[in-house]
Structures are given as C-alpha cells and as structure tokens.
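Protein chains: 2
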Amino acid sequence: MIDYNKTRILLDPNETPKDWVNILPDLPVPMTPLINPMDGKPAPPELAFAIFPKQCVLQEISQEPLIPIPKELREIFVRTYRPTPLHRAYGLEKELGIEGEDIKIFYKNESVSPTGSHKPNTALAQAYYSKKDGVNELITETGAGQWGSALSYGCNMFDIKCTVYMVRASFLQKPGRKILMRAFNAQVHASPSKLTDSGKSYYEKDPEHPGSLGIAISEAVEHSMRSDKARYSLGSVVNFVLLHQTVIGQEVKAQLKKINIEPDVLVGCMGGGSNLGGLMIPFARDKLHGISPDLEIVGVEPRACPSVNKGDYIWDYGDSAKKAPILKMFTLGHNFIPSPIHAGGLRYHGMAPIISILTRKKIMSSVMHHQTEVIESGLMFAKTEGILPAPEAAHAVKEAIDQALKAKENNEKKNIVFCLSGHGFFDLLAYKEFLVGNLVDYELPTEEIQKALAAPDMPNIDETNF
Amino acid sequence: MIDYNKTRILLDPNETPKDWVNILPDLPVPMTPLINPMDGKPAPPELAFAIFPKQCVLQEISQEPLIPIPKELREIFVRTYRPTPLHRAYGLEKELGIEGEDIKIFYKNESVSPTGSHKPNTALAQAYYSKKDGVNELITETGAGQWGSALSYGCNMFDIKCTVYMVRASFLQKPGRKILMRAFNAQVHASPSKLTDSGKSYYEKDPEHPGSLGIAISEAVEHSMRSDKARYSLGSVVNFVLLHQTVIGQEVKAQLKKINIEPDVLVGCMGGGSNLGGLMIPFARDKLHGISPDLEIVGVEPRACPSVNKGDYIWDYGDSAKKAPILKMFTLGHNFIPSPIHAGGLRYHGMAPIISILTRKKIMSSVMHHQTEVIESGLMFAKTEGILPAPEAAHAVKEAIDQALKAKENNEKKNIVFCLSGHGFFDLLAYKEFLVGNLVDYELPTEEIQKALAAPDMPNIDETNF
Numbered sequence: 233m234i235d236y237n238k239t240r241i242l243l244d245p246n247e248t249p250k251d252w253v254n255i256l257p258d259l260p261v262p263m264t265p266l267i268n269p270m271d272g273k274p275a276p277p278e279l280a281f282a283i284f285p286k287q288c289v290l291q292e293i294s295q296e297p298l299i300p301i302p303k304e305l306r307e308i309f310v311r312t313y314r315p316t317p318l319h320r321a322y323g324l325e326k327e328l329g330i331e332g333e334d335i336k337i338f339y340k341n342e343s344v345s346p347t348g349s350h351k352p353n354t355a356l357a358q359a360y361y362s363k364k365d366g367v368n369e370l371i372t373e374t375g376a377g378q379w380g381s382a383l384s385y386g387c388n389m390f391d392i393k394c395t396v397y398m399v400r401a402s403f404l405q406k407p408g409r410k411i412l413m414r415a416f417n418a419q420v421h422a423s424p425s426k427l428t429d430s431g432k433s434y435y436e437k438d439p440e441h442p443g444s445l446g447i448a449i450s451e452a453v454e455h456s457m458r459s460d461k462a463r464y465s466l467g468s469v470v471n472f473v474l475l476h477q478t479v480i481g482q483e484v485k486a487q488l489k490k491i492n493i494e495p496d497v498l499v500g501c502m503g504g505g506s507n508l509g510g511l512m513i514p515f516a517r518d519k520l521h522g523i524s525p526d527l528e529i530v531g532v533e534p535r536a537c538p539s540v541n542k543g544d545y546i547w548d549y550g551d552s553a554k555k556a557p558i559l560k561m562f563t564l565g566h567n568f569i570p571s572p573i574h575a576g577g578l579r580y581h582g583m584a585p586i587i588s589i590l591t592r593k594k595i596m597s598s599v600m601h602h603q604t605e606v607i608e609s610g611l612m613f614a615k616t617e618g619i620l621p622a623p624e625a626a627h628a629v630k631e632a633i634d635q636a637l638k639a640k641e642n643n644e645k646k647n648i649v650f651c652l653s654g655h656g657f658f659d660l661l662a663y664k665e666f667l668v669g670n671l672v673d674y675e676l677p678t679e680e681i682q683k684a685l686a687a688p689d690m691p692n693i694d695e696t697n698f
Numbered sequence: 233m234i235d236y237n238k239t240r241i242l243l244d245p246n247e248t249p250k251d252w253v254n255i256l257p258d259l260p261v262p263m264t265p266l267i268n269p270m271d272g273k274p275a276p277p278e279l280a281f282a283i284f285p286k287q288c289v290l291q292e293i294s295q296e297p298l299i300p301i302p303k304e305l306r307e308i309f310v311r312t313y314r315p316t317p318l319h320r321a322y323g324l325e326k327e328l329g330i331e332g333e334d335i336k337i338f339y340k341n342e343s344v345s346p347t348g349s350h351k352p353n354t355a356l357a358q359a360y361y362s363k364k365d366g367v368n369e370l371i372t373e374t375g376a377g378q379w380g381s382a383l384s385y386g387c388n389m390f391d392i393k394c395t396v397y398m399v400r401a402s403f404l405q406k407p408g409r410k411i412l413m414r415a416f417n418a419q420v421h422a423s424p425s426k427l428t429d430s431g432k433s434y435y436e437k438d439p440e441h442p443g444s445l446g447i448a449i450s451e452a453v454e455h456s457m458r459s460d461k462a463r464y465s466l467g468s469v470v471n472f473v474l475l476h477q478t479v480i481g482q483e484v485k486a487q488l489k490k491i492n493i494e495p496d497v498l499v500g501c502m503g504g505g506s507n508l509g510g511l512m513i514p515f516a517r518d519k520l521h522g523i524s525p526d527l528e529i530v531g532v533e534p535r536a537c538p539s540v541n542k543g544d545y546i547w548d549y550g551d552s553a554k555k556a557p558i559l560k561m562f563t564l565g566h567n568f569i570p571s572p573i574h575a576g577g578l579r580y581h582g583m584a585p586i587i588s589i590l591t592r593k594k595i596m597s598s599v600m601h602h603q604t605e606v607i608e609s610g611l612m613f614a615k616t617e618g619i620l621p622a623p624e625a626a627h628a629v630k631e632a633i634d635q636a637l638k639a640k641e642n643n644e645k646k647n648i649v650f651c652l653s654g655h656g657f658f659d660l661l662a663y664k665e666f667l668v669g670n671l672v673d674y675e676l677p678t679e680e681i682q683k684a685l686a687a688p689d690m691p692n693i694d695e696t697n698f
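These protein sequence lines map, in sequence, to chains D and F. According to my numbering, the first sequence holds residues 233 to 698 in order. According to my numbering, the second sequence holds residues 233 to 698 in order.
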C-alpha cells in the first residue's frame, strides 16, 4: 500500500532555499587557492575578477557558512522550476525485488528544469551577478551542450549576451542542443573557430577539425579577455559553482524531513562534481560537525575517465590549453583526452577541489562503472520510473541499484538517495546503441594515466607560501 | 512585487483528481453515436469491444457525470507527474507590456510528463484497462511520435505489449522519438509496412513509401483485429480520450481557486481535440449549468488544417482507410492530406464530436493561426518563460498573446489561461527553420476543402434511427 504523500515529495515555492550552503569554513583542511598559470602564485582577486563575475570570485573564497540567495534570483527559481520533486522509486524497487520498507530508493529530479538538468542552478546565478555588475556578455564552452543550453537560458533570462564555443564534433552531431541555445538568443560557434587566436591555429590547418573541450575552453577564455564587460563562465569544478548547486541538497533535506527519513547513502555522478557537490554539501557539513557520522556519500565516475578513482591529487591546469587557473585536485592530467563515452558531462580530466578534499579526508568515497552497465541501468530506470535519464545521471542510477542489491543480499535496512541530474532526450543515441547491441565499453589503461600525468609543463608552486 | 505563492501554483499529490468529468449528460444535444463503417448503423457495443478496451467503450457512452479514476491508475499519476504546475506567465506579461494585475496570463504545464505532453493521461488509462481485461497488446499509429511515445510509456508501466505504426517519413526524420518508444519496450514499424494487408499494397509498390496517418491507422486497426487479446488505441477525438484528459481542467480549477482567480478565457490548440477538451470540459459543464456564462473557450487550429474553422459538420470516417468508425464532426474530409506543418499533432482531418457539438452550440469558439506567427510566439515564450513549447502548444501561446494584446488595447481586465500541452525538445527543426528564415506558411485554399469534402464513399446514415 503506497502512501500518496510519500511517493513524490514536493515543497511549497516559499520553501525554496533562501541561502546557499558554503562548506569552506567547515572543511577539515583549508581550501587550496586558485593558482595563476603565469607565475605559479595564488591568483590575486583582481586577476580572478577579470575572468569570472566578481561576486562569484568573492564566493569562491568566502568563509561565511551561509550566503544569501539574492531575492530577484530566488524569484526566477520559484517562477520556473524550483523546488524540484523528490521521488520514491517504487517502480525501480519493485523491479529489483526490494518491495517493502527495509530498502528505499529516492531520487531528486533535477530533469524538470527548462533545459533538462541541474545546470541552470548556477547559470542563472552567474548571469544574475554579471547583469548586476554591468557585465553584458558571458562566454563559455560546451561539449554535449547541456551546460551551454543552461547558460544560454540563464543569460537570456537576465537579458545579457551569451556566446558558446561548442566542440565541433558535437556541433555537427547534436543539432538539437545548438538550436535550443539559439532559441535562447545565444551565439554558438563551432570550435575550433577562426574567431580567436587559440582557435585559428587549428582552424587554418583544418577547417573541419573536430575540436576538443580543451580548445573550446581556450577560445572562451580568450574571447572573454577582449572586453572588460565580458566574463568567462564555468559550469562545474570551482567552489562557487558547487555552492550554487547546494539548493539541491537543502531541498532534499527538507523533503526527507517531511517523511521522517534519514538517508544512509547519497549518490551522484561526478564529472567536475557540481551535481554531487550540490546534493551532498549540506549533509557533508553535518557529518563534519559529528551529526550523522555513518552517512555514506558516493561519487560515481565512468571507467573511461576516473579522475578520483585513478588520478593523482596534485596541482593541475583546469584546461588543456593552460589559460585557466591551476587547481589542487584529483586529476588525470590536463592533456588527457577521454574516450568518446556518451556521458559528455563526465569527460573532464579533473575534479572539484571540494570533492577532492572530502575524498582525501574520507568524508566521501567514489566508485566507477562501465558505459554499458550504466546505460542498461538507465533503461531499467526509464522502464520502471518513466523518466529516461541522461547518460551522466544513469551513472548514479547504476550505483543506487548496486547499493540496493547489496543491502538486500546483506539483509540491511537502507535509505538510498541519488541525484537524477538530467533527462536524456538529447542523448538518445546512447540508448539506441545499447538497444541494437553496439554500445562500447572503455576502460582507461594504467599506462595511459601515467603518461597523461607525466606532463612536465607546470610552474613551480610553493605551498609554504599560502 | 511578485507574490511567490502565485507564480507557480502547485497542488498536493492527494489533490490529484479522483474522478474524470463526463460532459455527455450535460451536452445541449445528445451525443451522436459511433457508426459502423460496414452498414451505416450505430456500432453495437460488441463491435466496439473488439476494437477498443472494453471500459473505454463503456465510458464512450456513459451518462454518469463523474467516473472514478481507478486507485491503481491514480497512484501511477501521483508517483510520476500529476498534479502538474499552473504557472503565472510573468515573463511573457512583461515582454507584452501588460505588467500589473489587470491582464494576467496563466499556463497549465503538461510538458512535465515523462514523455513531454498531456498524452500519458489517456495512455496510462487505456493501458490500465487493457491489462485489467486481460488484453496483452495495444496497437496504435503515430505521426510525429508524441502519441506513440506516450502509449509506449503507458503500456510499459502496466507490462503489456505495445506496437506502433509510425508514418515512414517521421520514422526516418525523427529517430529520437523512435528510440524513446523502443526504450519503453515498444515495437515500432515504419508504415506502410509489409506486416499488414493494408500496408503491403503500398509497400510492395514502393518500399520507400513515405506513408500517411491514414495508412498507419489502417495498419494499426487491422493488426489489432488479428488477436482477441489485442486492441487498437486512440490518442484523441473520441469521448473517452477527452474524458481521461479532464484531469487537466480539474486541476486548473483547483489551482485558480487557491489564488482566487476566475478565468475569463481558456485557450488550447486543437488537432483531434484532446488537450483543449481536457482543459475546458470541467469549465464548460459549469457554463452549461449557467455558472460563469461569460467564460470564453477558444480552440486554436493551424491555417493549414482548420477542421472547425473551415470544415463541414457532417458524418465522416475517422480514418482515411475507412476501417475506423464513422463520427459526426467538423471535418475537412477523410481524404484530406494536410500540408506538412511542424505541428504534426494538429494534422487531423476531423475534430472530437464533443468539441464539434460545443462549437455548434456556441459554448466555445475557434480561431486559426499561421505556422510562422505560431513559431515566433513559441520562441517569445521560450525566451520569457524558459520552456520551449511544442509547435502544437505554440498555437495556444500565440492566441493567448493575441488575447492579452486585445485586452490591453481595449483597456479590459482579463484572466487568460492556456494549456501548454507539450515541450518542443523533439521538434527543434521548426525553430531552426524560423531562426534561419525559411519556415513556410500554408493556407488551405477553399476549393481544396470542397474537393476533399466531396468524397461520395459514405454509407447511408439514417439519423431518425437513433
């Protein structure tokens, strides 16, 4: 007998979080600074202000435990899609043979946002602050297009210009995402383009060059440097992006409280770390304060790009072209080019410094899964819950299933909560390949990791200086 | 100053409607029967039982004002997407220069369902009844794929087989919809196929035949006749489909009541009539009872296929192949092939008998719009509200905008409510064509309508017999 009030837990619009949760003051070790790639020294705020929206730079280093969400921004969240639902996965539970109240699976449904993922949570914030500071253009790069769509949407909502450098291979393969960005008024350029020096060198050699995220980042950063009214925008990795995503975890907390559930495991996929960061930070802070010490937090990576599982915790460039700041993080090396898995959002060489630190300190852990088992799980989820997950989100589905089955085997009681970070309406090719049986698995060989990590092109960074 | 509680009006899961609203007992004239195409006489229930799920046939002719929604079905609605939100279109209002409280625009957001439209409301119901009656397969046709996706989803939820005949032109042009259907376990065949006699005659002449909705319906009906455990499923037009859609209007009523708003105009696009029917029936019943006599109800048709605006109110076949029952309705003639507008869901020659009767009796009215102005309005909606509407839904957006601007010009107070029947993530080509300036308008010439209506292939129907 299903209790209606416990199947899809909604919050009132006025229960949308009023603050973001900042984990920096509670970290077990101090946050490492962003390093200037030019001299290996901590980037002074003025340098960062020239790249990112000013308020975001201040949030990047803030020690305030709570940072108020501006009223006008919160208003747009409420008007459009927040709070998002938390679902009990009754259909999936039934399929797994764990019907009952001992093992429960919940998922936070971020796929209901206008562009279909959690990304607008930070896109709207960055666009809002830019508008307020008189910035009239945000520039970014995008791979599969999920982040580019979200920033296009965000900029359009605050009436500022948006320019997106989209990896040419995706530009040609995913016309839908491109049209969606244009519908939101963005300029979309195939990268490498002839519009920037970084792009031109590749473009002139080969106008059909398929591009890479590394080149696209360089083009976006270079473009943003041209005008003091333009800024570069990032959709993951840095502290302020994870901060903006904490609306997810705060809502989950409130929703679980309504049905008197204490979570045992939190699960999220991680590429740069933004959706998992958003889900877990409000809970991790509690854990750091000794509340719910047994809560497990599990990040899920693709076996093709396992930055935390197989990378080193070192200083590395945020981008392949060495224009963006250097961060201390788990990384596979900025020269690493991941295999072409469908979860484009998880093809990043590094990992958010916050997640890197929490992993090092054993506040959370991480696992890896193969593309075929991930897409198979995504399909099981679609069939039982009705929502087709994005390939990225399907990583979290796979791990939630594994956690449930393990608990069943061990006769454990367990409440599992995962973040369904986005829907897969623009990623149907992954499912098609699985259905016709030609989806491929990629496992990153150890020697390739060693090679990627052996890049000798890093300035000397003296940690005793900060 | 925006009141948070009035921007996106949500209902609790337990406020999901418990009954469907049946307008049949309140119609100003008796509902016309379904006619057997073989003999021109009212189809006896046994004949209809062989085609449609049994409970649906009983609902088609029921005189009960309220029909309870089965508990198990309501449970799935609640678990997955109902109640859907009602939004106040503050962004659109601002763009139109009608900020304030005199003219308000609201939209019911049916795009949040798992397949992105209102269609699962009836797909789940038909699958539920089929399962209960021991039917193990539902067969249908689909054009653009919205209905096919919804029925695939519905059948999968109740673990019965689903077979979809998809017009070959769409089958080739819209691989996304096809993969989505397959992800939900459906069999999808390009139509004309060699699997049915109706299809084979076309297929053998030309294996690349682009197909038509008419041929696809014939294939689906023929296929469903083969087994007494299979039934044909319809996504619009007939009374029981409109009945299942009344969850929309009932929720809107409850949502408007929460914010003390009386609607002045209800707007919906209409192809077969299911989303507008679902929105307006609970209100039209009040109007027929003398409550809110001034409420306007406006159906929006494409100029390329204006069944009500330009068709005749006559007996006509429900399909081009004359296998489906004959209905009394506004129609452009069953041989009419509409121009290839992007709003595939509005390319139907006829109109729901309920809507036909209410239009004849002046309980509601209808208007027509051109494809370019519709898509332009859809784009304005995306830019201001953040949701990209399906081309079908964009017809309602266009009319809501016109209603608002007219009210502004006349200094009238007006509360406008429209149904956003679906999102446009699978219809991006329409927006692309608009953005690059090669979207085409189609206006149906009068002589073509006369030709289509002049088809002499109808059995004699003696209305004095019933």
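Watch out, some of these pointers could steer you wrong.
Copies of the same chain look alike in the list, so a pair counts if it works inside one copy or between any two.
Straight-line Cα separation of at most 30 Å, BS3-like style, residue types lysine-lysine; simulated pairs [as the list claims (entries may be wrong)]:
id, residue 1, residue 2
1, 593, 489
2, 664, 646
3, 326, 393
4, 437, 560
5, 490, 250
Worth flagging that the hints you see were computed from the coordinates, not collected in a lab.
Here is how each hint holds up against the structure:
For the homomeric pair residue 593 and residue 489, the shortest alpha-carbon distance inside one copy (27 Å) is at most 30 Å, but the shortest distance between copies (53 Å) is not. Taking CA atoms no more than 30 Å apart as the test, residue 664 paired with residue 646 passes in neither setting, with 33 Å inside one copy and 48 Å between copies. Taking the shortest alpha-carbon separations for residue 326 and residue 393, only the inter-copy value of 19 Å comes in at or below 30 Å, while the best intra-copy value is 47 Å. Proximity of residue 437 and residue 560 under a CA criterion of 30 Å is satisfied in neither setting, with 34 Å inside one chain copy and 67 Å between copies.
When the C-alpha separation of residue 490 and residue 250 is checked against a cutoff of 30 Å, the pair qualifies both within a copy, at 18 Å, and between copies, at 24 Å.
Going through the hint list in order, the structure does not satisfy hints 2 and 4.
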